[in-house]
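Listed below, chain by chain, are the residues.
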Amino acid sequence: MSRAALLVLADGRFPAGGHAHSGGAEAAVKAGRINGAASLEDFCRGRLNTAGLVSAALAAAAALGVDPALLDSAADARTPSPALRVAARRLGRQLMRAARATWPSGELDALARAFPKGAHQPVVLGLVARAAGLGPEDAAYCSAYESVSGPATATVRLLSLDPFDATGVLARLAPELDVVARAAADAARNVVDAGVDALPSASAPLLEIGAQAHAAWAVRLFAS
Amino acid sequence: MHLDHTHDGASAVSADARRPDGSRRALRIGLGGPVGSGKTATVAALCRALRDELSLAVVTNDIYTREDAEFLLREAVLPPERITAVETGACPHTAIRDDISANLEAVEDLEDEVGPLDLILVESGGDNLTATFSKGLVDAQIFVIDVAGGDDIPRKGGPGVTTADLLVVNKTDLAPYVGSDLARMAADAKAQRAELPVVFQSLRTEAGVTAVAEWVRERLAAWTA
Ligand SMILES: Nc1nc2c(ncn2[C@@H]2O[C@H](COP(=O)(O)OP(=O)(O)OP(=O)(O)O)[C@@H](O)[C@H]2O)c(=O)[nH]1
Ligand SMILES: [Mg+2]
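So the sequence lines, in the order shown, correspond to chains A and B.
The first sequence begins at 1 in the numbering used here and counts up one residue at a time.
The second sequence begins at 1 in the numbering used here and counts up one residue at a time.
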């Protein structure tokens, strides 16, 4: 196992389709809820502690070896918006493709066969971390970081926000990312005994509603 | 049935020529080039020229709308289930070169759902002169420029003009109106591309897409040989 594999997996240029998704930022920009660095930070903090925490825990549980099919249903139950479920499965399928070429593994092949149109992205991410020799904490970090790096990058494109300001937002969120990743990994370890109901189920209604509205727009830059 | 110890390549690495069931996948040809040069018009003309002899599908990569796909649907160049639009997150060159996952998914879904296919045309959203397709996504690429975009584009070169398997200089009918020197464009293209082919075409004339369609047939013959 190599810890550096985490850098490869968490790199924003890892070719797994994320560049076409804004993590809800496009809808929030249009609604005026993100209009600069300060409101981007608020948005990211909210997403980190809700959707970010849930996906980090799912990823950590998958990395621990919890049955991915159970985790996938748990992810469905925690994602009320059909548009977000579609996006999560699409990204899961795209990550699966990149990962099978990068870290070939029997477990990934089995999941690809069980979910040919894609399992939820955090579940795939956890299994990919496992295939790369990484642990549950690593998977949680990667997922939690993605939950804020996606909207930050998208906002640079959407608002022509100064890229240094966007990166500053991510740096300021780092201590909170530590807390969320640790909480997610703890929750995942509980799943081993207590089942998937031990996973967090924090949710952000505006992210869900915004995603539904966004999916119906005729003109948009991002797929979600 | 697949065995656990094999990493059945085709669905993992999509440059493989075989699909998971062992059959040969479709030839994939990318069309790139600046905004408005005539990529969609060329795709539409190719579909009309080839659809009676080949099983065809199209993937479009629009920047922020579904206009290219909707144009092809409206023109009814192919049945709707053979046309897929990919969303590119404001970065068309990323979706065709740096992170091709969404496009690979689209071509594979087309083969699964309407296959077997002989040929899939992948149109990039209009971009700049450096946009090229990844070899993991397409087997050959056509770069489409037009005479109205300035007759110095072949001289400027860039990865698209210099390295594309076929350079198409479109809208030659407009040359007299915009003062473009076709002979100079041909000489510059020759200097940039050496032996790589160049086609001058106008889709507003009788010959239309004939030369490009012939080039596609040759690529397909080589692919299935
Ligand atoms: N005069 C003339 N017009 C052409 C020709 N080919 C295409 N056009 C016109 O040029 C315009 C742009 O063509 P498209 O095919 O949409 O160009 P495109 O490269 O797909 O454009 P984007 O996808 O927006 O980058 C349309 O109005 C076409 O009808 C040609 O050979 N001659
Ligand atoms: Mg077009």
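No lab work stands behind these hints: they were computed from the structure.
Treat the hints with care, since some could be wrong.
Stated by the list, open to error - One side of the interface only, derived from the structure: several residues of chain B facing chain A at Cβ under 8 Å:
| no. | residue |
| --- | --- |
| 1 | C91 |
| 2 | T94 |
| 3 | I100 |
| 4 | S101 |
| 5 | L104 |
| 6 | G149 |
| 7 | T210 |
| 8 | A211 |
| 9 | A213 |
| 10 | E214 |
Claimed, not checked - The list that follows gives simulated cross-link-like pairs (lysine to any residue, SDA-like), each with its CA atoms no further than 20 Å apart:
| no. | chain 1 | residue 1 | chain 2 | residue 2 |
| --- | --- | --- | --- | --- |
| 11 | A | K30 | A | F115 |
| 12 | B | K135 | A | R13 |
| 13 | B | K135 | A | F14 |
| 14 | B | K156 | B | F200 |
Said to hold, decoys possible - Have a look at the derived ranges for each label pair, beta carbon to beta carbon:
| no. | chain 1 | residue 1 | chain 2 | residue 2 | range |
| --- | --- | --- | --- | --- | --- |
| 15 | A | Q212 | B | P80 | 19 to 29 Å |
| 16 | A | A114 | B | A225 | 51 to 61 Å |
| 17 | A | Q212 | B | D112 | 25 to 35 Å |
| 18 | A | S73 | B | E75 | 54 to 64 Å |
| 19 | A | D193 | B | T163 | 36 to 46 Å |
| 20 | B | T130 | A | G12 | 27 to 37 Å |
Keep in mind it's a predicted model, so treat the numbers as computed, not measured.
Note that CB positions come from ideal geometry on N, CA and C, so glycine has one too.
Hint check: is the beta carbon of C91 (chain B) less than 8 Å from a beta carbon of chain A?
Given a least distance of 6 Å, the restraint on C91 (chain B) holds.
The hint names A213 (chain B) as touching chain A; please verify it with the least Cβ-Cβ distance against 8 Å.
violated (32 Å)
Checking hints one by one. Is T210 (chain B) an interface residue toward chain A, by the C-beta closer than 8 Å rule?
violated (36 Å)
Quick one, is the L104 (chain B) hint okay against chain A at 8 Å, beta carbons?
holds (7 Å)
Take a quick look at whether K30 (chain A) and F115 (chain A) sit within 20 Å of each other, Cα to Cα.
Violated - the C-alpha atoms of F115 (chain A) and K30 (chain A) are around 34 Å apart, more than 20 Å.
Would the stated hint for A211 (chain B) survive a check requiring a Cβ distance to chain A of less than 8 Å?
Not OK, violated: A211 (chain B) not within 8 Å of chain A, min 34 Å.
Cβ separation of A114 (chain A) and A225 (chain B), checked against the hinted range 51 to 61 Å
violated (37 Å)
Holds or violated: are the alpha carbons of K135 (chain B) and R13 (chain A) at most 20 Å from each other?
holds (18 Å)
For the pair supplied as a hint, K156 (chain B) and F200 (chain B), is the alpha-carbon distance within the 20 Å limit?
Within the cut-off at roughly 18 Å; holds.
Is 19 to 29 Å a correct range for the gap between the Cβ atoms of Q212 (chain A) and P80 (chain B)?
holds (25 Å)
Restraint outcome when G149 (chain B) is required to lie within 8 Å of chain A by C-beta distance:
Violated, because the Cβ-Cβ distance from G149 (chain B) to chain A comes to roughly 24 Å (cut-off 8 Å).
Okay, T130 (chain B) versus G12 (chain A) on CB: inside 27 to 37 Å?
Given range 27 to 37 Å: violated, Cβ gap about 20 Å.
In this structure, the hints that do not hold are numbers 6, 7, 8, 9, 10, 11, 16, 18, 19, 20, in rising order.
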